[in-house]
Every structure is written in structure tokens, then in C-alpha cells.
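So the sequence lines, in the order shown, correspond to chains A and B.
Residue numbers for the first sequence follow numbering that gives the first Met the number 0, beginning at 0 and rising by one.
Residue numbers for the second sequence follow numbering that gives the first Met the number 0, beginning at 0 and rising by one.
I should point out that these hints are in silico values taken from the structure, not numbers from a laboratory.
Careful: at least some of the hints might be erroneous.
[Unchecked claim] Using 20 Å as the maximum straight-line C-alpha spacing, the simulated EDC-like pairs for lysine to aspartate or glutamate come out as follows:
(1) B:Lys229 - B:Glu159
(2) A:Lys229 - B:Glu159
(3) A:Lys7 - B:Glu169
(4) B:Lys250 - A:Glu221
(5) A:Lys207 - B:Glu259
(6) A:Lys229 - B:Asp198
(7) B:Lys207 - A:Glu239
(8) A:Lys254 - A:Asp189
(9) B:Lys193 - B:Glu179
(10) A:Lys200 - B:Glu231
(11) B:Lys254 - A:Glu221
(12) A:Lys193 - A:Glu259
(13) A:Lys207 - B:Glu239
(14) B:Lys193 - A:Asp48
(15) B:Lys7 - A:Asp48
(16) B:Lys7 - A:Glu262
(17) B:Lys250 - A:Glu206
(18) A:Lys193 - B:Asp48
(19) B:Lys193 - B:Glu239
(20) A:Lys207 - B:Glu159
(21) A:Lys207 - B:Asp166
(22) A:Lys250 - B:Glu239
(23) B:Lys229 - A:Asp45
(24) A:Lys250 - B:Glu221
(25) B:Lys197 - A:Glu169
(26) B:Lys200 - A:Glu202
(27) B:Lys200 - A:Glu206
(28) A:Lys7 - B:Glu202
(29) A:Lys193 - B:Glu231
(30) B:Lys229 - A:Glu232
(31) A:Lys254 - B:Glu181
(32) A:Lys22 - A:Glu181
(33) A:Lys229 - B:Glu243
(34) A:Lys197 - B:Glu195
(35) B:Lys229 - A:Glu202
(36) A:Lys193 - A:Glu262
(37) A:Lys200 - B:Asp45
(38) B:Lys193 - A:Glu181
2 protein chains.
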Amino acid sequence: MEDGEYIKNPTNTVNRHGKDYAKYDADLIHSIVNTASVLHISFVPDPSDPTPIILPMIGQMGTYPPSSSSPPAIYLHGYVSSRLMRLGASPSDSFSVCVCATIVDGLVLALTPFSHSYNYRSAVLHGRAYALDDSTEEGRQEKLWAMELVTDSVVAGRWENTRVPPDGGELQSTRILKVEVESASAKVRDFGPKDERKDLKREEVREKVWTGVVPVQEVLGEPVGASYNKVEEVPGYLREYVRERNIEASKYARKTACAEPPERKKREE
Amino acid sequence: MEDGEYIKNPTNTVNRHGKDYAKYDADLIHSIVNTASVLHISFVPDPSDPTPIILPMIGQMGTYPPSSSSPPAIYLHGYVSSRLMRLGASPSDSFSVCVCATIVDGLVLALTPFSHSYNYRSAVLHGRAYALDDSTEEGRQEKLWAMELVTDSVVAGRWENTRVPPDGGELQSTRILKVEVESASAKVRDFGPKDERKDLKREEVREKVWTGVVPVQEVLGEPVGASYNKVEEVPGYLREYVRERNIEASKYARKTACAEPPERKKREE
Numbered sequence: 000m001e002d003g004e005y006i007k008n009p010t011n012t013v014n015r016h017g018k019d020y021a022k023y024d025a026d027l028i029h030s031i032v033n034t035a036s037v038l039h040i041s042f043v044p045d046p047s048d049p050t051p052i053i054l055p056m057i058g059q060m061g062t063y064p065p066s067s068s069s070p071p072a073i074y075l076h077g078y079v080s081s082r083l084m085r086l087g088a089s090p091s092d093s094f095s096v097c098v099c100a101t102i103v104d105g106l107v108l109a110l111t112p113f114s115h116s117y118n119y120r121s122a123v124l125h126g127r128a129y130a131l132d133d134s135t136e137e138g139r140q141e142k143l144w145a146m147e148l149v150t151d152s153v154v155a156g157r158w159e160n161t162r163v164p165p166d167g168g169e170l171q172s173t174r175i176l177k178v179e180v181e182s183a184s185a186k187v188r189d190f191g192p193k194d195e196r197k198d199l200k201r202e203e204v205r206e207k208v209w210t211g212v213v214p215v216q217e218v219l220g221e222p223v224g225a226s227y228n229k230v231e232e233v234p235g236y237l238r239e240y241v242r243e244r245n246i247e248a249s250k251y252a253r254k255t256a257c258a259e260p261p262e263r264k265k266r267e268e
Numbered sequence: 000m001e002d003g004e005y006i007k008n009p010t011n012t013v014n015r016h017g018k019d020y021a022k023y024d025a026d027l028i029h030s031i032v033n034t035a036s037v038l039h040i041s042f043v044p045d046p047s048d049p050t051p052i053i054l055p056m057i058g059q060m061g062t063y064p065p066s067s068s069s070p071p072a073i074y075l076h077g078y079v080s081s082r083l084m085r086l087g088a089s090p091s092d093s094f095s096v097c098v099c100a101t102i103v104d105g106l107v108l109a110l111t112p113f114s115h116s117y118n119y120r121s122a123v124l125h126g127r128a129y130a131l132d133d134s135t136e137e138g139r140q141e142k143l144w145a146m147e148l149v150t151d152s153v154v155a156g157r158w159e160n161t162r163v164p165p166d167g168g169e170l171q172s173t174r175i176l177k178v179e180v181e182s183a184s185a186k187v188r189d190f191g192p193k194d195e196r197k198d199l200k201r202e203e204v205r206e207k208v209w210t211g212v213v214p215v216q217e218v219l220g221e222p223v224g225a226s227y228n229k230v231e232e233v234p235g236y237l238r239e240y241v242r243e244r245n246i247e248a249s250k251y252a253r254k255t256a257c258a259e260p261p262e263r264k265k266r267e268e
């Protein structure tokens with residue numbers, strides 16, 4: 000990273016058609032990772048066979064120690080991943096991974112199938128991954144910190160509102176994968192449809208085909224208590240989190256649905 | 000595939016903790032792929048370097064020719080993917096990929112961070128990928144069919160309500176990747192929280208920690224017309240699609256949020 004941007008290199012540089020939407024801004028990339036409710040991680044279990052595996056995991060980017068100047072890493076959690084966790088259990092034993100975060104913000108419906116698209120935000124990060132080792136006090140501290148980071152990414156404030164700290168057995172059977180990021184890029188499409196001039200000129204097409212955007216957002220619904228739940232009222236921090244996340248996602252999806260494509264704006268000036 | 004199930008092998012078999020949720024039912028796997036609004040595809044650009052890349056793409060599974068007994072393949076579209084498309088341009092030139100579809104259905108909030116989870120449906124498929132070649136009439140027919148399949152996966156009925164067929168230039172610059180599936184598995188978690196007995200016995204914990212599920216669904220919002228849209232009213236097929244998809248997603252998320260975990264059910268009998 001340099002001046003808040005990931006350095007372009009052959010691994011992260013977005014080619015050809017995609018390059019209009021490519022971004023290398025670190026804050027943007029981190030915010031996409033931290034907003035997506037699920038991350039996909041890919042790795043190659045057997046280096047002699049170029050067959051990758053993808054697994055969905057819950058994760059979050061953060062800096063440890065919190066007040067340090069270390070670059071943010073990705074912390075991933077998922078019991079899905081025993082195959083993945085076996086691969087690297089120390090920094091010296093790390094392996095190459097790709098992590099992708101994608102948020103769909105709208106269905107972009109143009110005059111022709113060719114110009115159809117999604118509004119979306121996606122980030123692709125490359126780095127080295129290994130499992131946090133809790134056999135040392137230092138490792139245990141980072142693991143506890145990462146467990147709190149990931150839990151609070153599911154619902155802000157959730158950690159301190161549950162039975163914590165985790166006991167020894169829980170700590171031991173939770174595996175956190177840390178990815179030290181080496182390169183990263185993002186792609187963002189955030190505006191209405193953009194048709195080719197040849198179709199925009201055809202009145203009979205424009206009078207027949209509805210064009211526009213269907214905003215898309217992930218909505219958190221009304222919390223449903225478990226059968227063994229004894230706390231009658233949904234707690235404030237949870238209610239607030241649901242409300243705020245829904246408002247934010249809805250505002251963003253709506254804003255991008257209404258935005259003019261960048262080139263069209265220029266033409267109109 | 001055999002009797003509607005993908006055969007278990009070392010590539011698709013779900014290990015350890017994940018195995019309680021593992022499924023190999025082909026209809027389930029195909030429906031997860033066809034319901035997810037975005038798919039992630041992973042491949043290794045340079046076989047001498049086990050560094051995978053993940054790209055988000057729009058895709059759909061289908062059988063071609065439509066009435067044949069060929070097993071369904073995955074058809075992917077995305078202009079993101081020039082690097083990917085360069086890799087294989089014919090069946091003899093195919094390369095190994097992994098495709099993953101994930102749908103988040105709920106945030107599962109338990110007494111302890113350790114027992115937190117998501118309700119989700121995910122499918123992981125392995126196969127060989129190559130770009131459809133439109134230099135032959137046969138290839139051109141399959142490509143057109145796949146473009147319609149993918150467009151209609153964005154909004155059912157959209158293809159016939161746009162300016163079709165694509166002209167020569169559009170057909171040529173659209174690249175469709177076909178993945179012939181070799182193995183696949185799914186994972187589904189679809190019920191409320193499940194805490195450990197040791198915590199369920201602690202009254203002071205149960206009286207303090209709210210437990211339950213926050214249902215999650217992707218919601219399609221009110222369509223927003225483009226500045227150059229001339230069709231005043233949102234067409235019926237679009238309105239209907241938005242309505243039905245929202246109802247279906249909401250029903251599923253709500254149903255899983257209210258479901259008892261399988262083992263608890265057994266204990267209660």
C-alpha cells in the first residue's frame with residue numbers, strides 16, 4: 000500500500016473491459032470487505048494440481064494491535080474450513096489465497112440484453128493465509144481480539160452482550176484464519192443503464208422496452224426469538240443495528256439507481 | 000451424477016464439522032446456483048504458481064440442447080473476465096474451475112459467540128470451463144440460448160421484452176463461459192440457534208442474552224426508470240417478478256428463522 004492505495008501489479012490489475020470500474024483505494028476496498036455479509040476465499044489444496052476450492056466464510060478486516068500502524072489484515076471464521084485450516088498453522092507455513100467480497104446493489108435493465116448489468120461493489124484481495132495459533136499468550140490475545148471483531152461484524156455490539164470470554168475449549172476449537180494482504184483491487188458500478196447510441200436513436204425500441212434499475216439490497220428482518228430465549232424484548236443495540244443497516248443499504252441502492260452514467264453526464268454538459 | 004445425486008469424491012466431500020450440513024442432491028445444488036444473484040468463480044491463471052483468482056459473475060445452470068438428457072452445465076457471463084476468457088476458448092482447451100453460490104438467510108444469535116452462525120445455502124461445484132465459440136452455427140445457437148438463459152435469470156421474461164436478437168457485433172463481444180460440472184456439493188443451515196448444554200443450564204446467562212435469528216433476504220426495490228426511459232408504467236412481467244422473488248425469499252428466511260435445530264427436536268420427542 001502507498002498513500003492509501005494498493006500498488007498495481009500483474010495480480011491485482013483489472014484488465015480490458017473492467018478497467019473503467021477499477022479502483023485501488025484502500026479505504027474503499029476495506030469498506031467493501033467489511034460491508035459484505037459473506038466473503039469467498041479460494042486456495043489450491045494441492046500445488047501439483049491447479050484445482051482451486053472456494054469456501055464462503057464470515058470475515059472482517061482490521062488492524063492488530065488495534066492502535067498500531069500494521070496494515071489491516073483479513074480475519075476469517077468458519078467451521079466449514081477444516082480442509083483449509085489444515086493447510087497453514089503458522090506464518091512460516093502460510094499459503095496463497097484470494098478473497099472476494101461482492102455486494103449487489105441493483106439490476107440494470109437496458110434496451111438490449113448486451114447492455115444489461117448489475118450495480119455492484121466487489122473487492123478482490125490476494126495474500127498469504129495462516130491459522131492464528133493460541134499456544135502463546137500473544138497468539139491467544141490476537142485470536143480473542145479477532146473473535147470479537149468477527150462477532151461484532153455480524154451484529155455491532157454483540158460480543159459484550161453474550162456470555163464471554165470464550166472458555167478454553169471454545170477458544171481451542173475456534174479457528175481464525177488471518178490473511179496478510181499483498182495486493183487488492185475493487186470494482187464498482189453505481190449508475191443507471193447506459194445504452195449504445197444506435198439503440199437510443201431507435202424510437203420504436205425506446206417506446207417498447209422499459210429501461211431503468213431495480214435497486215437491490217440485503218434486508219435484515221424482524222428478529223425472531225429462539226424457543227429457549229428468555230429476554231422478552233429485542234435489545235436496543237440489536238434493534239438499532241437492524242434499522243441502521245437497512246437504512247444505509249437502501250439509501251445506497253436507491254442513490255446508485257438514480258445516478259446518471261458518467262459519460263452521459265459529460266455529454267450533457 | 001447418479002440418481003439425482005453428485006457422487007462423493009475427495010474433491011467435493013465436505014469434511015469434519017461441515018458434514019452435518021452437507022448435501023449432494025443435484026436439484027438442491029442447481030436451485031442454489033440458480034437462486035443466488037451472483038456466482039463466484041475461481042481458477043489458477045498460471046499452473047506453475049498455485050495462486051487462484053476469484054471473480055464475481057452472473058450465471059445460471061441449464062441443459063443444452065434444452066430437451067436433451069445432457070447433464071446441466073453452468074453458463075457464466077461477465078465482462079470482468081477477459082483474463083479468464085483468454086484461458087480456454089474450446090472444449091479441448093478447458094481449464095479447472097470452482098464455482099460457488101452462497102445465499103445468506105439469517106444471522107443466528109446464540110448465548111455465546113462460539114455458537115453464533117448464519118443460516119445459509121451454499122453450493123460448491125468443480126468442473127472444466129471454456130468459452131463458447133460462435134464461429135460455428137452450432138456454437139452460435141448454444142451461445143444465443145445461453146445469453147437468453149442468463150438474461151432471464153436477472154428478470155424472468157426480460158429477453159423477449161428487449162431489443163433482440165443481438166446483432167453480430169454484440170454476439171461477438173459477449174463472452175459466455177460454459178462449465179461442465181464434474182463434482183458438486185451443497186451446505187444448508189436452516190434453523191434457529193443451538194447452544195451447548197452447559198450454557199442452557201445457566202439461568203443468569205439465559206436471562207441476560209437475547210437469542211434468536213435475524214432473518215436476512217435480498218430485497219428487490221421499486222424499479223427506477225432511466226432518464227431516457229419512455230415506457231411510463233413499469234411492465235407487468237417486471238412488477239410480478241419483483242413481487243414474487245421478494246415473497247419467496249421472505250418466506251424462506253422467516254421459515255428457517257423459526258425452525259428448531261434438528262437435534263433439539265429429537266431430544267424433545
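Going through the hints against the structure:
1. For the hint pairing Lys229 of chain B with Glu159 of chain B, the CA-to-CA distance comes to about 18 Å; that is within 20 Å, so the pair holds.
2. A distance of roughly 53 Å separates the Cα atoms of Lys229 of chain A and Glu159 of chain B; the hinted pair therefore is violated under the 20 Å criterion.
3. A distance of roughly 31 Å separates the Cα atoms of Lys7 of chain A and Glu169 of chain B; the hinted pair therefore is violated under the 20 Å criterion.
4. Among the hinted pairs, Lys250 of chain B with Glu221 of chain A is consistent with the structure: their alpha-carbon atoms are about 13 Å apart, no more than 20 Å.
5. In summary, the hint linking Lys207 of chain A to Glu259 of chain B is not supported, as the alpha carbons are separated by about 49 Å, beyond the 20 Å threshold.
6. This hinted pair checks out: Lys229 of chain A and Asp198 of chain B have alpha carbons roughly 13 Å apart, not beyond 20 Å.
7. This hinted pair checks out: Lys207 of chain B and Glu239 of chain A have alpha carbons roughly 18 Å apart, not beyond 20 Å.
8. Taking the CA atoms of Lys254 of chain A and Asp189 of chain A, the gap is near 8 Å; set against the 20 Å cutoff, the hint holds.
9. The suggested pairing of Lys193 of chain B with Glu179 of chain B is violated, with an alpha-carbon distance near 38 Å, which exceeds 20 Å.
10. A C-alpha spacing of about 18 Å is found between Lys200 of chain A and Glu231 of chain B, which places the hinted pair at or below 20 Å, so the restraint holds.
11. About 13 Å separates the Cα atoms of Lys254 of chain B and Glu221 of chain A, which keeps this hinted pair within 20 Å; it holds.
12. Of the supplied pair hints, the one linking Lys193 of chain A and Glu259 of chain A holds, its CA atoms being roughly 8 Å apart against a limit of 20 Å.
13. Our distance criterion of 20 Å between C-alpha atoms is met by Lys207 of chain A and Glu239 of chain B, whose separation comes to about 18 Å.
14. Between Lys193 of chain B and Asp48 of chain A the alpha-carbon distance is near 39 Å, which puts this suggested pair outside the 20 Å criterion.
15. Pair hint Lys7 of chain B plus Asp48 of chain A holds up; C-alpha atoms about 19 Å apart against a cutoff of 20 Å.
16. Between Lys7 of chain B and Glu262 of chain A, the direct Cα distance comes to roughly 50 Å. Violation of the 20 Å bound is thereby established for this hinted pair.
17. Restraint check: the Cα-Cα separation between Lys250 of chain B and Glu206 of chain A comes to about 36 Å, which exceeds 20 Å; the hinted pair is violated.
18. For the hint linking Lys193 of chain A to Asp48 of chain B, the alpha-carbon distance of about 39 Å lies beyond 20 Å, and the restraint is violated.
19. Between Lys193 of chain B and Glu239 of chain B, the direct Cα distance comes to roughly 37 Å. Violation of the 20 Å bound is thereby established for this hinted pair.
20. Annotation: proposed proximity of Lys207 of chain A to Glu159 of chain B holds, straight-line Cα distance about 11 Å (limit 20 Å).
21. With a CA separation close to 18 Å, the supplied pair Lys207 of chain A and Asp166 of chain B stays within the 20 Å bound.
22. The straight-line distance between the Cα atoms of Lys250 of chain A and Glu239 of chain B is roughly 23 Å, outside the 20 Å bound, and the hint therefore fails.
23. Taking the CA atoms of Lys229 of chain B and Asp45 of chain A, the gap is near 55 Å; set against the 20 Å cutoff, the hint is violated.
24. Using a Cα cut-off of 20 Å, the hinted pair Lys250 of chain A and Glu221 of chain B holds, with the two alpha carbons roughly 13 Å apart.
25. Note on Lys197 of chain B and Glu169 of chain A: the hinted pairing holds, with a Cα-Cα distance of about 12 Å set against a maximum of 20 Å.
26. At most 20 Å may separate the alpha-carbon atoms for a hinted pair to count; Lys200 of chain B and Glu202 of chain A exceed this at roughly 71 Å.
27. Taking the CA atoms of Lys200 of chain B and Glu206 of chain A, the gap is about 66 Å. The hint is violated against a cut of 20 Å.
28. Proximity of Lys7 of chain A to Glu202 of chain B is assessed by CA-CA distance (about 55 Å); at most 20 Å being required, the pair is judged violated.
29. With a CA separation close to 18 Å, the supplied pair Lys193 of chain A and Glu231 of chain B stays within the 20 Å bound.
30. Restraint check for Lys229 of chain B and Glu232 of chain A: the C-alpha separation of about 49 Å exceeds 20 Å, so the hint is violated.
31. For a cut-off of 20 Å, the pair hint linking Lys254 of chain A to Glu181 of chain B is broken: about 42 Å separates their Cα positions.
32. Straight-line distance between C-alpha atoms of Lys22 of chain A and Glu181 of chain A comes to about 16 Å, which keeps the hinted pair within the 20 Å bound.
33. The suggested pairing of Lys229 of chain A with Glu243 of chain B is violated, with an alpha-carbon distance near 35 Å, which exceeds 20 Å.
34. Proposed proximity of Lys197 of chain A and Glu195 of chain B is contradicted: the alpha carbons are some 64 Å apart, above 20 Å.
35. A distance of roughly 9 Å separates the Cα atoms of Lys229 of chain B and Glu202 of chain A; the hinted pair therefore holds under the 20 Å criterion.
36. Of the supplied pair hints, the one linking Lys193 of chain A and Glu262 of chain A holds, its CA atoms being roughly 9 Å apart against a limit of 20 Å.
37. Between Lys200 of chain A and Asp45 of chain B the CA atoms are separated by roughly 45 Å; this puts the pair beyond 20 Å, and the hint is violated.
38. Restraint check: the Cα-Cα separation between Lys193 of chain B and Glu181 of chain A comes to about 38 Å, which exceeds 20 Å; the hinted pair is violated.
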